Amino acid sequence: MDYILRTINLTKSFKEEKAVDGININVNKGDIYGFLGQNGAGKTTTIRMIMGLVKSTMGEVVLFGQKILPGENSHFSRIGSIIETPGFYPNLTAVENLEIHRRLMGVTNKGYLEEALEVTGMTEARNKKISGFSLGMKQRLGIARALLHKPELLILDEPTNGLDPVGIKEMRRLIQDLSARRKITVLVSSHILSEIQQIATRIGIIHKGRLLEEIDYEALKKKNRSYIEVKVNDDKKASFLLEKALEINDYLVAGLGLIRIYERLNDSANINRVLSENDVEVSSINVANDSLEDYFIKLIGGEFNVS
Amino acid sequence: MLAGMVYTELLKLKRTILPWIVALGGILPACIALLMVSSENSKVTWELLAVSSLNYMNMSALLLIAVFIGLIFAGEYNTNTISILFTYPVSRFRFYIGKLITILIVVIVIYLVLFISTLAFGIAGVKNFPSGEFLVKFFKFSLVVAVLNFVFVPVTVLACNLVKGVATSVVTGMCYVLVYMCFLGSDSGLYIPVCTPSMIISNSFVSNSINATDSRSIILIAGITFLISFLISAVNYSNSDIYR
Chain A
379 MDYILRTINL TKSFKEEKAV DGININVNKG DIYGFLGQNG AGKTTTIRMI
429 MGLVKSTMGE VVLFGQKILP GENSHFSRIG SIIETPGFYP NLTAVENLEI
479 HRRLMGVTNK GYLEEALEVT GMTEARNKKI SGFSLGMKQR LGIARALLHK
529 PELLILDEPT NGLDPVGIKE MRRLIQDLSA RRKITVLVSS HILSEIQQIA
579 TRIGIIHKGR LLEEIDYEAL KKKNRSYIEV KVNDDKKASF LLEKALEIND
629 YLVAGLGLIR IYERLNDSAN INRVLSENDV EVSSINVAND SLEDYFIKLI
679 GGEFNVS
Chain B
3 MLAGMVYTEL LKLKRTILPW IVALGGILPA CIALLMVSSE NSKVTWELLA
53 VSSLNYMNMS ALLLIAVFIG LIFAGEYNTN TISILFTYPV SRFRFYIGKL
103 ITILIVVIVI YLVLFISTLA FGIAGVKNFP SGEFLVKFFK FSLVVAVLNF
153 VFVPVTVLAC NLVKGVATSV VTGMCYVLVY MCFLGSDSGL YIPVCTPSMI
203 ISNSFVSNSI NATDSRSIIL IAGITFLISF LISAVNYSNS DIYR
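Chains as they are written, first to last, in the working numbering: chain A, 379 to 685; chain B, 3 to 246.
Read the hints as simulated data drawn from the structure, not as lab findings. Values in this document were obtained by computation on a predicted structure and should not be read as measured data. We put the beta carbon where it would ideally sit given N, CA and C, even for glycine. Be aware that a few hints might be false.
With a Cα cut of at most 16 Å, we get these calculated EDC-like pairs of lysine to aspartate or glutamate [to be verified]:
id	chain 1	residue 1	chain 2	residue 2
1	A	615	A	655
2	A	433	B	243
3	B	16	A	474
Incomplete in silico selection of chain A near chain B, CB under 8 Å [unchecked claim]:
id	residue
4	426
5	430
6	454
7	461
8	474
9	557
Can you make the complete structure from the sequences, with help from the hints?
So this is what it looks like as structure tokens:
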């Protein structure tokens, strides 16, 4: 696997309490990695450890195939980031803030600055002071800053916090566009399931400091897609009939006498008839649908913010 | 690279209270000195004016420089720019040095403004031009006092970084003023870094009563104070965890 970012047993403790507990994240090149967890789950602390802002108690961060040692900073020129609300110098204009970033990142091409402003639609606000910016404008300028030096990895911590629905949609489009057009790998954290669901190609679920699951979105969708659940007295014979008589191959024997059929969801009456006619006793048949939300709730054992 | 960092630090100060700090620090003490010297003495001399000007400046510098340090260091926490500052391919120590150099530049600029404004007010008050010897002496003293004021900058930086708020710098500055007022007249005042500049001005500008042993002690204490506080402050700055 071509990993851009990996954390190995990454841990952060505050006295006795573990804020992050042995997290192993694997972000592949080209992924939009959704880092999902409730508020206080440990997302920001993990991101801060990745970015060297907080020292880990234990574990390693591997970026671009290299283990990051404490105090090392050369890899930062390959990363763009927004951590929580992006901070700017309020007395300066948008372009002055970006100019500071350009210089400190060692970018010699001034055209990159203009390009970043253009991509994020901030060109018109370039000479406005930050103190007059709305939160949405600050987020967009934060993205412009994160993109200015053409990073390979973009780390966005709750980028839609405080944005209105239009702003959220714009941000989503921008992230997808950056991934598709510029081939930038993106790690985006959020506590909002629907937000991650719409853009992520891979999802890591963190809860109470622990990574509960890391899974490709397609695999997750498959895990949670709709199915016909049939309870029968003979699952072997029922399987044979499904394949031979009904030509159904996408099914799963989920337990003794319990079959989940993932295709022909509107054909449950016919399935019931064929099984019954061939002496397979059907005690129940119904269409079930585990939503992602159900899945996450099951995973974390509680309620999840889906707003 | 360091020059570039100092440039960015100076750029960050655009449209801030810096001009006011420079004006308050550089012009106001000279103005007050002229008024006070004129009211207390029948004849205003360049020496009296320079001593008074440097003394007023030194006391106000304790607070002004602390406020400026707050702006430079703790300001990054207030604006949450610290989270982006430490994600550049630049070591934290370099940032620390870059910021200290910026503070040193501004402190020197304040004293240069004081030097020029004292001369400008002096020409109006003394009604003659100073001698070349006086100019060299005054300039030299201005620089020495500026550098001595820089000695306890790392202490203020440490306080700002520990508490992570601009208000800390004001409190720290007020503590300096308090120590200054308590120890200024005492025998040990010469060796307490916040009082040293004023004591040197009072004892050395006119009468030259500081001997070589005193000078060595002053340099030693100032050096040790700076070095220890610099090391502690730099280590803290380079290693502290950054949270909002």
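Q. Which numbered hints are broken by the structure, listed smallest first?
A. 9
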